[in-house]
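Asker: Please model the entire structure based on the sequences and the hints provided.
Chain by chain, the residues run as shown.
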Amino acid sequence: MSAHIENNSLSAKLQHATEVKSAKCYQCGKCSAGCPVSNEMEYPPSVAMRLLQTEDPENDKKLLKSQTIWLCVSCEMCLSRCPMEIDIPKAMDFMRQKSLAEGLSHPKSKNIISFHKAFLDSIKFTGRLHEISLVADYKLRSWHLGQDVGMVPSMLSRGKLPILPEMIKGRKQVAEFFKKTKKT
Amino acid sequence: MNNLQQKAQQLLESGNYGLIVGYEKGTSGKARPVFIRKAEHASKLIFDESCDQNIAVYLYRQEIKHNKKKVIVANHHTLKSIVELAAENQVFDGDFMVLAFAENGDIIELNTFEEIEKHVATLYHGLTEAEAAMMKKIEDMSLEDRWAFWENEFSKCIKCYACRASCPMCYCPTCTVEINQPQWISVPSHTLGNLEWHVMRAMHLAGRCVTCGQCGKACPLELPIQLLTYKVALDSKQFFDSVAGTSICADNALAIFKPEDHENFIR
Amino acid sequence: MQKKIGYYPGCSLEGSSREYSESVVTLANAFDVELVQVPDWNCCGATAAHNLNSILSFSLPARILAKAQEAEMDTIVVPCAACYNRLTMVQHELKKNDTLRAEVNGIIGAELKCDIKILNIVQFIQMFVADFVASKQQFLFDKKVACYYGCLLVRPHDVLDFDRTEDPQSMDEVMKSLGANPIDWPFKTECCGAGMSVSRTDIVGRLSGRIVKEAADRGAEAIIVACPMCHSNLDMRRPALEKAMGEKLTIPVLYISQAIDMALGKSQKETGINRHFVPVNISLQNRVVVPEVVLEKTEEN
Amino acid sequence: MARIGVFICHCGENISATVDCEKVAKVASEFPGVTVSVDYKYMCSDPGQNMVKEAILEHNLTGVVVSACSPRMHEPTFRNACAEAGLNPFLCEMANIREHCSWVHEKSDATTDKAIDIVRTLVEKVKRNEALAPIYVPITKTAVVIGGGVAGIQASLDIADAGHKVVLVEREPSIGGHMSQLSETFPTLDCSQCILTPRMVDVARHPNITLYTYAEIESVDGSIGNFNVKIRLKSKSLDEKLCTGCGACIQKCPVKKIPSEFEQGLGKRTAIYVPFPQAVPNKPVIDRVNCTYYIKGKCKVCEIVCPTKAIRFDQEDSFVEVQAGALLLATGFDVLKTNFFPEYGYGKYEDVIDGLAFERLASASGPTKGEIRRPSDGEIPKKIVFIACAGSRDPAKGIEYCSKICCMYTAKHAMLYKHKVHEGTPYIFYMDIRATGKMYEEFVRRAIEEDEVKYIRGRVSQVYEKNGKLIVRGVDTLLMGQAVEIEADMVVLATAGIASPGSEELAQKLHVSYDKHKFFSEAHPKLKPVETNTAGIYLAGACQSTKDIPETVAAASGAAAKIAGLFSNDLLKRDPLIAVVKKCAPPLYSSCTGCFMCIPVCPYQAIDKEEIKDRSGNIIKTISHINPGLCQGCGTCVAFCKSKSIDILGYNHDQVCAEVEALLNEW
Amino acid sequence: METNNTNSFEPKVVAFVCNWCTYAGADLTGTSRIKYATNVKIIRFPCTGRIDFMLLMKAFANGADGIIISGCHPNDCHYTSGNFHARRRWMIFRNLLDFIGVDVNRIVFSWVSAAEGAKWAEVVNESVDQFRQLGPATSYQKLIKNSEFQEVE
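Chains as they are written, first to last, in this note's numbering: chain A, 37 to 220; chain B, 77 to 343; chain C, 757 to 1057; chain D, 2 to 668; chain E, 70 to 222.
In short, the hints are calculated from the structure, not lab data.
C-beta: ideal position from N, C-alpha, C; glycine also.
Any given hint could turn out to be false.
To be verified - Far from chain B by the CB rule (all over 10 Å, computed), these chain D residues:
#1 190
#2 279
#3 294
Claimed, not checked - Straight line, CA to CA, 20 Å or less: simulated DMTMM-like cross-link-like pairs of lysine to aspartate or glutamate:
#4 B/334 / B/317
#5 D/622 / B/171
#6 A/97 / A/138
#7 B/232 / E/217
#8 D/398 / C/867
#9 D/42 / D/23
#10 C/759 / C/922
#11 D/383 / D/424
#12 D/405 / D/516
#13 B/145 / B/124
#14 A/160 / A/202
#15 C/852 / A/55
#16 D/583 / B/179
#17 B/120 / B/100
#18 B/83 / B/139
#19 E/104 / D/107
#20 D/297 / D/315
#21 D/467 / C/914
#22 D/235 / D/506
#23 C/969 / C/923
#24 D/467 / C/958
#25 A/153 / A/184
#26 A/218 / C/859
#27 E/211 / B/227
#28 E/104 / E/79
#29 E/214 / D/667
#30 B/141 / D/612
#31 D/349 / C/922
#32 A/205 / C/796
#33 A/146 / C/958
#34 A/60 / C/914
#35 E/211 / B/220
#36 A/144 / C/958
#37 D/384 / D/466
#38 D/383 / D/486
#39 D/470 / C/970
#40 A/216 / C/867
Answerer: Structure (structure tokens):
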């Protein structure tokens, strides 16, 4: 049996970690055609697949530094229409985590990342999401202090924002999950 | 005189029947097969738990094969074997009448294969708890222990072929073991030749063994060789849903196939 | 006789989408179903977790499943489409992947059997409501409605196995049974922008705006949803949508549970429509109660 | 006593480079029973063959082992050589020391040793070979052609012109197949019906062709040279001998709104109908599902108006049996229904149609008389979007393979549209353009350059209706995935070509193998493209894989030539490597127990029962019997038979056992 | 073939293959010049359906350390169904051998088509590796020795 050639490409790592095989893509573009945010992306999904296929370190870097991976809303339209059943959302998840791990995230995607981090922080301490803390935390991270302030009174008046967070009994256990899964 | 004996007497006296194959009291509490041709001998017949021998094997013996006025007293093993023999074209509808027994002891007359098949459908098909426990004991052994176990058992075999003679399904006029060109199985009763013989016997019973255990009962050395044929019977059931002795028209499990037959070992 | 069933509301239904929870509880009560919350439930991790930390994204839902299992719940209803999607996906992955299950079991300290039946709101309605709704309905929902399924209810089909991914029909069927006239429109499963509500409100404006405008253009009088994320993007974010589309959009957005509640004649408080940002000014006609025999005859003709 | 000759070939250096051939020859010369053992550079050359022949004569050999290449290569060569020297050809075996030894191992002692083992094994086998005579089977010189599309028509005419009888069986009321539905054909744009209908008429008139339409194959048994084919003639509710095809019944039939299959639902037909005006035969059938008489028990207008009283309401299906020497499968293809693509709205929007429907719209004899009009409102579309690969190359929802014909017909459609609607714009969404036939690429270039067809490389994601337009959302992958949205008036899906319905059942009836897509499998993808694995059954056209017309016709003529070749002999010679039930002396006669469990084992139904009788005709016993005409020699019954009563010539028990022993001993 | 195994044991392997698929596939291995272990020697059968389980017993009794059985893939049988029959036979036989304590890893079953020259080489090499790992079939060899002894007596 031929020995495996050491393959360090993003595409190989992706396949190893998630079994998503970018080589299956034959560039029909149906994903990009159906993607709700492809217009906002610098590399629509089919182009992202092509970049992966090249196994060129430069192109790998382009992807990890792209806004594309953060703009993906995980709506799975691409997967549901892909003739080759390539799980692009899973690939996006993988690339986001790689991008963070390698510190390559696009500066303009900071907001999105901040929001996700704030979201997770919120549940880390209480076990459940507390929207006021989330938004407050997000604002501190993103420095978008004024954003959405106008909505708060009307949300409060409609009873949509409980002031105090709900604390679950198992919150220590939940916090523990964060520690245990950190290395991955 | 009990019901069976009365029935037998009537049948023989009627002149419609000339021979009854059944059981009589043997030595040391065991029953043995008996052939009754005269009404006055009908009182020899018994039927109780001791009558566990599968006597279907006599139906096609040359001496009585062509006697169309025969009756056989059948326990459930015998009944299943009759169905399987019918499926394999070795016994013929209308050549004999069967006396079977309901759970309450009532005698049931079965005249046609269809009736026999129907009756057999009401019987339990499968191993007894004790038999299943023996199978499990062996299956639970390590591979090495299983080999050691069977090597020891096979080393004792003297190739007397009582197993073959007692099995209703071993009806070939020339057994493969007797063929010498090519010599499929070595003649002397050494462990290797014995192993080959028993593996072949079991394989030839795939989809055909009704798990009566007669081969094991017949073995003078009391080798548990019936477990080998049980194994193929259980696998035929598990893999192909084929149970021998249940249908007079079913094809043998290894004579047919399904494209979707599922194995997990072919690369 | 009262039926008991497990209930996982999820975080939004305790906060910004509490009207959804209220309407679901109202609906369940109306049909003699008692919703029992999964004890001490936690957040499912939503998009954030699987974007940032994949093993965490398994562990959080796994704890919820473990809690339900501990409480011997064989079925749980999860009205939030996002939570429904996460829980179902995670249970599916854990079931088929032994190594992953072992790892997650280790993290959460439980032995998951992965055999809980997880229902979305439409499945809940199909099971417990649909057959009896005719007997309790007081008002005819005689409106043109646009049923909006979003992403997470129907995708990925392989795992969720609910309705179909293109032009789904299950919500339309429910609305038809209330007397509504569901429109045929192309954006039933387009994405609203989901979790970008706060971080990229501009994108949400464009995506959700297009959806709301299309529904309005086709004459729908209400959009029916089954997901709190979709609802908040379509309802709470309406100013952003209007900005993106450059026009005023007044069509209200109702949860499917609210729509049924309204047809049952429940009050604003019970349905929670008073909490919406876009006012719901829909008045329903009294349902003319026709004796059943006559009804059957008219159907025949 | 055996006198075996062993001939070791060097095959130039192909064998001798890694195997010490001289050593092999020397060692083999010492095997018991080997009289002569030599090695030579090229055994298959004339001098090499002569060496074998001379050795046979000189040493009066009883068997020959040629140790060289694969028997699949030169077994016939050496068997012929032996026969020429007077040795029965079946006493010659080949030891494969090239493909199975010298080519797959490095030069080493182990390789030479393996070659020696292989030779020893074959020497032991050949010692046990028997002289066999080939089997001759008489050939019935009639071919049954199944399917009356262009493939079946072409093949029938070719075989009939060669002077043999043909029975052509067609499932539909008329022959013609899909080709009769087409408008113009690529790359020449000549009218399909203009070239096909004369051939259809030729079929009907040919004295050697018997045509059964509205008929299906009920069962087939027998084998090459002698098939017995039972054909079901579905009831047409008509006495064809009386019917003159005047058409009065069709005009008066009150049920007029049945969607016409021939017109792909774009036109309507009556309950008593001929599928299209040029149908052959031009006689109607009654569609019992839609006929008022069969539904409500009254009407019979056709019977009343028929001038020759040809209508037969109580006619039942009938059967004919045909003896045939060969069968030809020409059952064609079908198009995949696109309902599984809800995102394209097929079945939901009237103006989303498939390629065959477009053919009917473009056809001068079609429902619009050749004008391109939308099915919904009859308007002339200003923009048409053609979507290629609608189902093809789509393992998720369609089929994984390329349907091959769509690139070309889509280009043709766009061109025809442009020719008919000058101000219109045709768009084609495609992924690759596969135009590999003669003049095909030129055709596509013409579509793009002269007829200004807008090719957009990308797959469409969704088609939906808005304000009377079909919004087509796609992408241009050549522009970094830029979104493309077209407001079209009509959408044409180039739907995938798939195996004809019923292919699987037919394949099973005929014991012909088929692939996972239910297309029939050829015997060899390159060298036997029109044969099946079952001798005497041939293939032509799109039932094997989707094909265009030129390929289909070429295949049909190829298959016809094969059949004519088969029919050029009166007897068919076959290798006698078949199974036999062994007999022996009385009183046993045979060790066969008559259990007949082997009967279902045989894939060819070659096993039946034989009664052994005494002189006065009394049956002594009944045993299995293998029909040598049907047995193909797989040997499954041989391994199955418990009493070892069946053996197979050429691979008999004695031979294979000796091989196992010889292979494993003396290592 | 690299022999990275320090163990110098070379198993004796006999391969029972069908004429139409695996034999032709092995021919293709040759024409493609793909190398494999010399341990395996092929016996040709018309079809896997022809392969009697008694021949496997014969092979073991004659000192085989491993056996390869190979034929056409399901649905590809030249005779349409011989391989399906064979498959059933092997399902029963393999379990029976296991039941008496024979290591069924000494028998490798595979489907190798006429087009799979590379797969044949793979099957051979993997099987030979597997048989090397298992070592000589000592338990069977003991029986063979005893039988020879007895027969000489």
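Asker: With a cut-off of 20 Å on the C-alpha distance, tell me whether residue 759 of chain C and residue 922 of chain C pass.
Answerer: 34 Å, violated
Asker: Does residue 506 of chain D lie within 20 Å of residue 235 of chain D when you go C-alpha to C-alpha?
Answerer: 18 Å, holds
Asker: Is the hinted pair residue 349 of chain D and residue 922 of chain C satisfied, with a Cα-Cα distance of at most 20 Å?
Answerer: 12 Å, holds
Asker: Take a quick look at whether residue 83 of chain B and residue 139 of chain B sit within 20 Å of each other, Cα to Cα.
Answerer: Since the Cα atoms of residue 83 of chain B and residue 139 of chain B sit roughly 24 Å apart, the hinted pair is violated (cutoff 20 Å).
Asker: Taking 20 Å as the top limit, are the C-alpha atoms of residue 384 of chain D and residue 466 of chain D close enough?
Answerer: The hint holds at about 14 Å.
Asker: Decide, holds or violated, for the assertion that all CB atoms of chain B are farther than 10 Å from the CB of residue 190 of chain D.
Answerer: 46 Å, holds
Asker: Would the pair residue 467 of chain D and residue 958 of chain C pass a check requiring their Cα atoms to be no farther apart than 20 Å?
Answerer: 26 Å, violated
Asker: With the threshold set at 20 Å, check whether the alpha-carbon distance from residue 232 of chain B to residue 217 of chain E stays at or below it.
Answerer: 17 Å, holds
Asker: Please check whether the beta-carbon of residue 279 of chain D is more than 10 Å away from every beta-carbon in chain B.
Answerer: Since the minimum Cβ distance to chain B is about 43 Å, residue 279 of chain D lies beyond 10 Å and the statement holds.
Asker: Does residue 153 of chain A pair with residue 184 of chain A here, judged by a C-alpha cut-off of 20 Å?
Answerer: Judged against 20 Å, a Cα distance of about 19 Å means the pair holds.
Asker: Next pair to validate is residue 104 of chain E with residue 107 of chain D; report whether the Cα-Cα distance is within 20 Å.
Answerer: With Cα atoms ~8 Å apart, residue 104 of chain E and residue 107 of chain D stay inside 20 Å; holds.
Asker: Would you check the hint for residue 405 of chain D and residue 516 of chain D, treating anything up to 20 Å between C-alpha atoms as holding?
Answerer: 17 Å, holds
Checked against the numbered hints listed earlier, the structure breaks hints 8, 10, 13, 16, 18, 21, 24; every other hint is satisfied.
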